[in-house]
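Residue numbers (our numbering), protein chains in the order written: chain D, 10 to 130; chain Y, 5 to 113.
Hints were generated in silico from the structure; no laboratory data involved.
Predicted, not measured: the structure shown is a model, and the values here were computed from it.
Warning: the hint list may mix true and false statements.
In silico SDA-like pairs for lysine to any residue, Cα to Cα no more than 25 Å straight-line [said to hold, decoys possible]: (1) D:Lys54 x Y:Thr64; (2) Y:Lys97 x D:Ser130; (3) D:Lys54 x Y:Leu15; (4) D:Lys92 x Y:Leu15; (5) D:Lys54 x Y:Gly20; (6) Y:Lys97 x D:Ser79; (7) D:Lys75 x Y:Leu15; (8) Y:Lys97 x D:Ser28; (9) Y:Lys97 x D:Thr32.
If the Cβ cut is set under 8 Å, some of the chain D residues that face chain Y in the computed set are [what the hints assert, rightly or not]: (10) Gly42; (11) Tyr43; (12) Pro52; (13) Gly53; (14) Tyr63; (15) Gly66; (16) Tyr69; (17) Glu83; (18) Gly115; (19) Tyr116; (20) Pro119; (21) Trp120; (22) Gly121; (23) Leu125; (24) Thr127.
Chain Y is nowhere near these chain D residues, computed Cβ spacing over 12 Å in every case [claimed, not checked]: (25) Gln12; (26) Ser76; (27) Ser85; (28) Ala98; (29) Ala109; (30) Asp118.
The beta carbon of each residue, even a glycine, is placed where N, CA and C say it ideally should be.
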Amino acid sequence: QVQLQEAGPGLVKPSQTLSLTCTVSGGSISSGGYYWSWIRQHPGKGLEWIGYIYYSGNTYYNPSHKSRVSISVETSKNQFSLKVRSVTAADTAIYYCARAVGNSWGYFDPWGPGSLVTVSS
Amino acid sequence: EIVMTQSPATLSVSPGERATLSCRASQSVSRDLAWYQHKPGQAPRLLIYGASTRAAGIPTRFSGSGSGTEFTLTISSLQSEDFALYYCQQYNKWPPSLTFGGGTKVEIK
Numbered sequence: 010q011v012q013l014q015e016a017g018p019g020l021v022k023p024s025q026t027l028s029l030t031c032t033v034s035g036g037s038i039s040s041g042g043y044y045w046s047w048i049r050q051h052p053g054k055g056l057e058w059i060g061y062i063y064y065s066g067n068t069y070y071n072p073s074h075k076s077r078v079s080i081s082v083e084t085s086k087n088q089f090s091l092k093v094r095s096v097t098a099a100d101t102a103i104y105y106c107a108r109a110v111g112n113s114w115g116y117f118d119p120w121g122p123g124s125l126v127t128v129s130s
Numbered sequence: 005e006i007v008m009t010q011s012p013a014t015l016s017v018s019p020g021e022r023a024t025l026s027c028r029a030s031q032s033v034s035r036d037l038a039w040y041q042h043k044p045g046q047a048p049r050l051l052i053y054g055a056s057t058r059a060a061g062i063p064t065r066f067s068g069s070g071s072g073t074e075f076t077l078t079i080s081s082l083q084s085e086d087f088a089l090y091y092c093q094q095y096n097k098w099p100p101s102l103t104f105g106g107g108t109k110v111e112i113k
C-alpha cells in the first residue's frame with residue numbers, strides 16, 4: 010500500500026524559504042492517475058489545501074498561496090517537494106503531504122503523518 | 005471560495021451512543037464532499053467520499069448523507085477508537101479550490 014513521509018527542517022527563520030520533501034513508497038508517482046498534494050494545519054486550526062502536482066509537472070495551487078508557493082516533482086526519487094518563499098510566523102504549521110484521488114482528484118488518501126515547521130528567529 | 009462550516013465544534017458522547025456531525029457549504033457542492041478522521045500525531049484518514057461512499061476498510065458504523073449544502077456524518081455506536089477530530093472537505097470546483105471545514109472534536113462524555 011502507498012505510504013507518504015514528509016521531511017524537512019523543523020525551524021525556519023522569517024523571510025527565508027521553507028522547503029519540504031515528501032517521499033512516496035509502495036507505489037510510483039510516474040504511474041500517473043493521481044495528483045500529489047500539500048496541505049497544512051496551523052496550530053489549533055483547521056486544514057488548508059496548498060496545492061498539488063501531477064507526475065508530468067502540471068500544478069494547481071490554492072489562489073491564496075500561489076504567489077509564494079511552488080511544488081515540484083522528482084520522479085526518479087519518487088518524491089515531490091514544497092517551497093514557500095518569504096515565510097513569516099503565519100506559515101508556522103504542520104505540513105502534510107497526501108495523494109489526491111477520485112475522478113477530479115478532489116479528496117486525499119493516504120496522507121503522511123505530518124511535519125511541524127516553526128517560523129522563528 | 006466555498007466556505008465549509010462544521011457544527012458543533014465539540015461533541016460529547018458516551019461510548020456506544022450515536023454521534024451526528026454536521027457540515028454546511030456556503031454554496032452547493034452537489035455530492036462532492038469528503039469526511040476525514042484525525043487523531044493527534046497521526047495522519048488524517050479518509051472516511052467518506054461522494055458524500056456517502058465509505059472508503060476502503062472503513063467500518064460500517066460510519067455513514068455519510070446529504071447533498072447540496074447540508075451534510076451529515078453519523079457514527080452509529082461510538083467505539084473508543086472513534087474519539088477524534090472530524091473534518092469535512094468539498095471538491096466541487098474545477099480548476100480545484102479545495103476547502104475544509106473547521107472540524108468537530110468528538111470527545112468522551
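Here's how the hints hold up against the structure:
A threshold of 25 Å between alpha carbons decides the hint, and for Lys54 (chain D) with Thr64 (chain Y) the separation of about 29 Å lies outside it, so the pair is violated. For the suggested pair Lys97 (chain Y) and Ser130 (chain D), the alpha carbons sit about 39 Å apart, so the restraint of at most 25 Å is broken. In summary, the hint linking Lys54 (chain D) to Leu15 (chain Y) is supported, as the alpha carbons are separated by about 17 Å, within the 25 Å threshold. A threshold of 25 Å between alpha carbons decides the hint, and for Lys92 (chain D) with Leu15 (chain Y) the separation of about 37 Å lies outside it, so the pair is violated.
Taken as a hint, the Lys54 (chain D) and Gly20 (chain Y) pair is broken in the structure, with Cα atoms around 28 Å apart against an allowance of 25 Å. Simply put, Lys97 (chain Y) and Ser79 (chain D) have alpha-carbon atoms about 21 Å apart, close enough for the 25 Å limit, and the pair holds. Distance hint between Lys75 (chain D) and Leu15 (chain Y) is unfulfilled; the C-alpha atoms sit about 36 Å from each other, more than 25 Å. Proposed proximity of Lys97 (chain Y) and Ser28 (chain D) is contradicted: the alpha carbons are some 28 Å apart, above 25 Å.
Note on Lys97 (chain Y) and Thr32 (chain D): the hinted pairing is violated, with a Cα-Cα distance of about 28 Å set against a maximum of 25 Å. The restraint placing Gly42 (chain D) at the interface with chain Y is violated, with a minimum CB-CB distance near 16 Å, outside the 8 Å limit. Given the 8 Å rule on beta carbons, the hint for Tyr43 (chain D) is violated: about 13 Å separates it from the nearest Cβ of chain Y. Look at Pro52 (chain D): its Cβ only gets to about 12 Å from chain Y, farther than 8 Å, so that hint breaks.
Taking 8 Å as the C-beta contact cut-off toward chain Y, the hint placing Gly53 (chain D) at the interface is violated, the least distance being around 10 Å. The beta carbon of Tyr63 (chain D) comes no nearer than 12 Å to any beta carbon in chain Y, farther than 8 Å, and the hint placing it at the interface is violated. With 8 Å as the threshold, the beta carbon of Gly66 (chain D) stays out of range of chain Y, its nearest partner Cβ sitting at about 16 Å, so the hint is violated. The beta carbon of Tyr69 (chain D) is positioned within 8 Å of a beta carbon in chain Y (closest approach about 5 Å), and the interface hint is therefore held.
The restraint placing Glu83 (chain D) at the interface with chain Y is violated, with a minimum CB-CB distance near 22 Å, outside the 8 Å limit. Look at Gly115 (chain D): its Cβ gets to within about 3 Å of chain Y, closer than 8 Å, so that hint holds up. This hint holds: Tyr116 (chain D) has a C-beta 4 Å from the nearest C-beta of chain Y, less than the 8 Å allowed. With 8 Å as the threshold, the beta carbon of Pro119 (chain D) comes within range of chain Y, its nearest partner Cβ sitting at about 7 Å, so the hint holds.
The criterion of a C-beta within 8 Å of any C-beta in chain Y is met by Trp120 (chain D), whose closest approach is roughly 4 Å, and the hint holds. Given hint, Gly121 (chain D) at the interface with chain Y, holds; its Cβ is 6 Å from that chain's nearest Cβ, closer than 8 Å. Taking 8 Å as the C-beta contact cut-off toward chain Y, the hint placing Leu125 (chain D) at the interface is violated, the least distance being around 10 Å. Below 8 Å, beta-carbon pairs count as interface contacts, and Thr127 (chain D) has none with chain Y, the closest being about 16 Å; its hint is therefore violated.
Remark: the non-interface label on Gln12 (chain D) conflicts with the geometry, its nearest Cβ contact in chain Y lying 9 Å away (cut-off 12 Å). Every CB of chain Y is more than 12 Å from the CB of Ser76 (chain D) (nearest about 16 Å), matching its label as outside the interface. With a least beta-carbon separation of about 25 Å from chain Y, Ser85 (chain D) lies farther than 12 Å from that chain, consistent with its non-interface assignment. With a cut of 12 Å on Cβ distances, Ala98 (chain D) stays outside the contact zone with chain Y, its closest approach being about 21 Å.
With a least beta-carbon separation of about 8 Å from chain Y, Ala109 (chain D) fails to lie farther than 12 Å from that chain, contradicting its non-interface assignment. In this structure Asp118 (chain D) is not separated from chain Y by more than 12 Å, as the shortest Cβ-Cβ distance comes to only about 4 Å.
In the structure shown, a violation is registered for the earlier hints numbered 1, 2, 4, 5, 7, 8, 9, 10, 11, 12, 13, 14, 15, 17, 23, 24, 25, 29 and 30, in ascending order.
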